[in-house]
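Assemble the dimeric complex from its two separately framed chains, guided by the hints.
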Amino acid sequence: MCRRDMRRETERETGNGKREMWLTRAARVVRRIIGAPDYEAYLEHCRAAGHAPTLGEREYVAQFFEAKGKGARCC
Amino acid sequence: MQPLASVLLWSGISVLGAAAFGVLALSRGETVNAAWLLTAAVCTYAVGYRFYSRFLATRVFGLDDRRATPAERFNNGRDYVPTNKWVLYGHHFAAIAGAGPLVGPVLAAQFGFLPGTLWLVIGVVLGGAVQDFVMLFCSLRRDGKSLGQMAKEEVNPAAGATAMLAVLFIMIILLAVLALIVVNALKASPWGLFTIACTIPIALLMGWWMKRWRPGRVGEASAVGAVLLLGALVAGGWVADQPHIAPLFTHSATALTWMMMGYGFIASVLPVWMLLCPRDYLSTFLKITTILVLAVAILVILPPLRMPALTPFASLGEGPVFAGKLFPFAFITIACGAISGFHSLVASGTTPKMIARESDARLIAYGGMLMESFVGVMAMIAACTLDPGVYFAMNTTPAALAQASQVLGQAGFVVTPDFMRELAARMGETTLLARSGGAPSLAVGIAQIFAGATSVLGGGGRTLDALWYHFAIMFEALFILTTIDTGTRVGRFMLQEIAGHVWPRFAETSWYPGVIASSGAVVAGWGYFLYQGVVDPLGGINSLWPLFGISNQLLAAVALCVGTTILVKMGRARFAWVTALPLVWLVTITMTAGWQKVFSADPRLGFLAHAASLAGSTNPAAARLIFNDRLNTFVALLFMTVVTVLIITSLREWWLVLSHRKTAIVHEAPYVQTGYATGD
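Those sequence lines, one after another, are chains A and B.
Going by the working numbering, the first sequence opens with residue 38, and the numbers climb by one from there.
Going by the working numbering, the second sequence opens with residue 190, and the numbers climb by one from there.
Next up, chain B with everything else stripped away, as it sits in the complex (with noise of 0.2 Å):
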């Protein structure tokens, strides 16, 4: 493109951006429409996907298409693979997105929509991106060593140990917390419990074809299994108007957690190829599809948003989806989306072993979380949608609305009982009150803007409200429980190899009793926090999301003490302000949230102080629920340690390396020339 015209058409797309923020910022009390978000955030996308990351590229990392990629030095058919970098694009997306950034926002939504998309939109362009970014660039110097083999190296032995700790204790809440998703989407819900439990057999009948009767043919299979899966959502409806039949398929939140262990001990047990990939591919194709459906309908619908910019939560901090103000917890709620250290397993796991060439790592990983924190501004979109009665009705229990009362009514976010009757009738459910996790009313939010795509298009409209709603349960109940799949399989190889060091029988993942005490350890662990999660009187979410938001931010702060460390050691000093400001940004909120969550003397924010408020209690749960206020405090104090032994280690290296105390030595896999023809 001619220099002026390019000059012409960036500034043209920042201009626009600007404004539509302008618009979204200076709205007070009228509606605003859904398509300034959109515009400010895909302008912001544009301009920071055109420029930070190419700066990044080029002068920090210093990406050079001349070197062999691990994929190009170990290509064996099979896991290392040089692949097509839009197609590896879709991969990595697939493998990055789940329902982190679709619940994080609809949670976040409690502080109005305004913080929660400068967030999503700030935070991916300058940190979460940035660290995907980083964490691919490291792994794929390196042969495509795992974030844990990185800091063992890069920082030392200690960091190392510190950093695969971290993980498997922040799994196990991540689990707790997504298995709670689901259960509160299908407690009390034959529909949507049939067509989840269907999906069981489909997957073991997927596999068994694509292993067995027709090795391979994975096409063919899904292509049965997605049909089989929409058969499935059509009959879920007529299972929940039988008398005799839905009863079998309503079950309380309690008797759903036993089978949600139930079933996470067996999908993990049991060999990948007969449940776990499966259900995976059917996640991918269902996810794919759907965000880019979602996309498409809130561009021909241009829905207004329904909830004001900012609601009187944001500085009372007495949410009662979850307590605590704006800052730092607005930034602790929406953790995918905006930077997820769960990305830094992936884009230090399969992804680096697939790239062909250096410079493709930008589109893959910047791009790729760009597109992520693009799912959480939809996500934001269809929550606030909503009517704001609505919302609150749906996502905490009676005990929080009661307390919330008062300043629910004065910002007028009330709905009458009749009203929410209707609705869950209309959705196909016998209530959709309480509710909490989200995913339900996204799906009320999502089906309400199928519906009106569908309509404008001349379709049936409001009469497939339910069906659309267990569709949208079905997508994100779906790729959850593949998550609980992989995490509790993943859980249990790092316990495996923990114990392996006091007991190297334990290690061998072919002897069964350690699959299975290891297998039944994960889930227990996740198992007791989802447990909690249930019969807790506020419904769980408050206290469990922000333990998963600290963990996950922690996390990535691991992995960009990591990043940060090398960059150091790699002489490029000067560039490492383009990790570290994230990573002061991180340790300041989550330590922040932290240190609240453990000692604020508000009972409905700090552990501590809501052990102490039931201390004398006559609650015959009062016992449990002051353990389990203590456990959580142990926990974020335990990961708050981690991450401070981490960063002062980090620290340390920094300081050494800068001072010409020690020589700094990268681990870099000796340099190749590639076979490729390259150049510019």
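Isolated chain A, as found in the complex (with noise of 0.2 Å):
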């Protein structure tokens, strides 16, 4: 199998399929990047495991947001 078949979570294509607007994607990128919460990424990693969501928006943000204060930031 080519490494170009590879497929990782984060990058599946969503329950839009290719109409998934590049704004959105960009969005989604810079996200990332910055390291903010992902709400949507949560809800699909959810469906790719295969289990319904534990946690409501809120509650995601909220768990996301501890989890980083404990990381460290560089000289």
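It is worth saying that the hints were derived from the structure and are not from the lab.
None of the values given here were measured: they were computed from a predicted structure.
Worth double-checking, as some hints may not be accurate.
DMTMM-like, lysine to aspartate or glutamate: derived pairs with alpha carbons at most 20 Å apart [said to hold, decoys possible]:
| no. | chain 1 | residue 1 | chain 2 | residue 2 |
| --- | --- | --- | --- | --- |
| 1 | B | Lys274 | B | Asp253 |
| 2 | B | Lys274 | B | Glu261 |
| 3 | A | Lys105 | B | Asp268 |
| 4 | A | Lys105 | A | Glu94 |
| 5 | B | Lys851 | B | Glu342 |
| 6 | A | Lys105 | B | Asp332 |
| 7 | A | Lys105 | A | Glu77 |
| 8 | A | Lys105 | B | Glu697 |
| 9 | B | Lys274 | B | Asp254 |
| 10 | B | Lys274 | B | Asp332 |
| 11 | B | Lys274 | A | Glu81 |
| 12 | A | Lys105 | B | Glu686 |
| 13 | B | Lys514 | B | Asp791 |
Next up, the structure:
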């Protein structure tokens, strides 16, 4: 199998498939780069893992920030 | 690519890089264009990445894409998330690059542009990027464990405790020196202080927006924040011109010190979504955008370097910016950009939890560090485009300038007071003299480059100088304050964990007395060193920056010790030189620098000699200065002792394993086959 066939969860097409707007995609890339919460990614993860989401959006955002507060920033 | 074409391409890049180095090294007396410096750097990075990082990835580490990464195995859609390698590259770079690669090269420009550039370019390829790569690799194979945990498991428990203690002390010195840079940039600067002060309500608004009002809408909140930030920048110029409002934002360095400490304490106690995260988002946007724009601007105008390749201070060791000769102090002054121990905390923190496949680590860790080095080279270019007279007048106190006046005069590094007044007025400041710390002189350099680029592009040109200057100050101060927020918080967690061994309640992060006491202790720690730097007659940077450099490089030595131990235990001892050689170099420079800072007979260099020179002085501050010298001595000796202990324990471990007296047990996570499609 070729490397280019490799699919990662974060790259997988969402329900909108290829119709997903490039702007939405760009926004998701920026979110990841700056380390912002991405509830859509969490929902996709739950779908891929085959279980219902256990966190609502508010709980997800709250837990995300809590985990982020422990990370170090460099000099 | 066809093999022949590949050979020709890489031969061409190597020859071009060598030629650029030749031009830089052989130029004497004439002005060199920044293009040569950029060419030498980029060609070296390309060759290093193509060949050396590939060797590390395939032969030394044996990265295996069939092995599931922690992101895949523990995927929770939150912190363990498999992420596209280019996206993670951006995320990792934003986490590792801060003020260090901008400030260090500016200070090291005291020796001329050549020594710092060589160290940045060669140091990163053989040292800094290797350290980041080996740490990421080790953490990746250990479920994303931290440096301290790996030291404990792979070397021994004492090494783990030593590493943790080292990180805490280094954090305190780092926060003090970064805060000092901000204080020196904002003292008596109503424009600068107003803009930076505005970032606090802007961040609070953003936090409320994305947590309470529209949860998770970071994009909207960031866009609003960015617009308000630019508004605050422009409004700062108006504030500075208002005789009734400007005094509210005009403060002495001492007053700013107390404000910084108050800010650091509050920011570390508040919930992260309220202030820390929104500020972090703003600073990341600004950081990446400004760095990209700076790179384009430098390429557009290709400025000439007005600083010579080597200044007399390289061999004399009596520099007014900081004391000490080129060896070892150029290598201490530039830590971030060449090799930075702090990266080992990021490479064993969030990044390993987001890697989708092992081979991505090459681009993210090695490539990310190359980019940080490139930022350092750009900072060096920005500083060296300044007139050397302006550079020295800005980066030293009048006392230090007077001490070095003879050498400065002989070298022609002089500037008239009228010229400095005119420059300050152009930058919208009352004075630019004695703004040590590197940030203001870098801001002047960046302002000149941006103003030059806008005039090339047909823009307003020089009239924008003041705006660009304060934009650059805001850019630097914003991410220094982010480091202070997060650093104080991380220091607080570490202190709570340590104290929790004695009194378990203290380790509860939700127990407010413990939170307040530990935050207060961390702020008091860096605040003391900051205050000491602010009232230091020689400007503080002179003593604090070398201490920071030594501590940061020693943390890198700790990381390389752990990395070498793991390679030895993995049965890759024949490749252990990849981490052992940078380790030997780091230990040599840090121990030499530490020794000289403590024991040199020159009062400008040695802490103890400086204290002795003050004995019997009528100076009312003498007692305090003597105490500070002794405290700095203690800190330097503590760092040196900690690393010596770690090296001895590591050496013992290597010897036991290599002589088969001990079975090598590697604490890698068990092999799990990836569920993703793989193959080459």
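Tested hints:
A hinted pair counts as satisfied when its Cα atoms are at most 20 Å apart, and lysine 274(B) with aspartate 253(B) qualifies at roughly 16 Å. Between the alpha carbons of lysine 274(B) and glutamate 261(B) the distance comes to roughly 14 Å, so the proposed pair stays at or under 20 Å and holds. For the suggested pair lysine 105(A) and aspartate 268(B), the alpha carbons sit about 8 Å apart, so the restraint of at most 20 Å is met. Annotation: proposed proximity of lysine 105(A) to glutamate 94(A) holds, straight-line Cα distance about 16 Å (limit 20 Å).
In summary, the hint linking lysine 851(B) to glutamate 342(B) is supported, as the alpha carbons are separated by about 15 Å, within the 20 Å threshold. Between lysine 105(A) and aspartate 332(B) the alpha-carbon distance is near 17 Å, which keeps this suggested pair within the 20 Å criterion. For the proposed pair lysine 105(A) and glutamate 77(A), the alpha carbon gap of about 18 Å is at most 20 Å, so the pair holds. This hinted pair checks out: lysine 105(A) and glutamate 697(B) have alpha carbons roughly 18 Å apart, not beyond 20 Å.
At most 20 Å may separate the alpha-carbon atoms for a hinted pair to count; lysine 274(B) and aspartate 254(B) meet this at roughly 13 Å. The suggested pairing of lysine 274(B) with aspartate 332(B) holds, with an alpha-carbon distance near 18 Å, which does not exceed 20 Å. Among the hinted pairs, lysine 274(B) with glutamate 81(A) is consistent with the structure: their alpha-carbon atoms are about 19 Å apart, no more than 20 Å. At most 20 Å may separate the alpha-carbon atoms for a hinted pair to count; lysine 105(A) and glutamate 686(B) meet this at roughly 18 Å.
Restraint check for lysine 514(B) and aspartate 791(B): the C-alpha separation of about 12 Å stays at or below 20 Å, so the hint holds.
Hint check: no violations occur; every hint is consistent with the structure.
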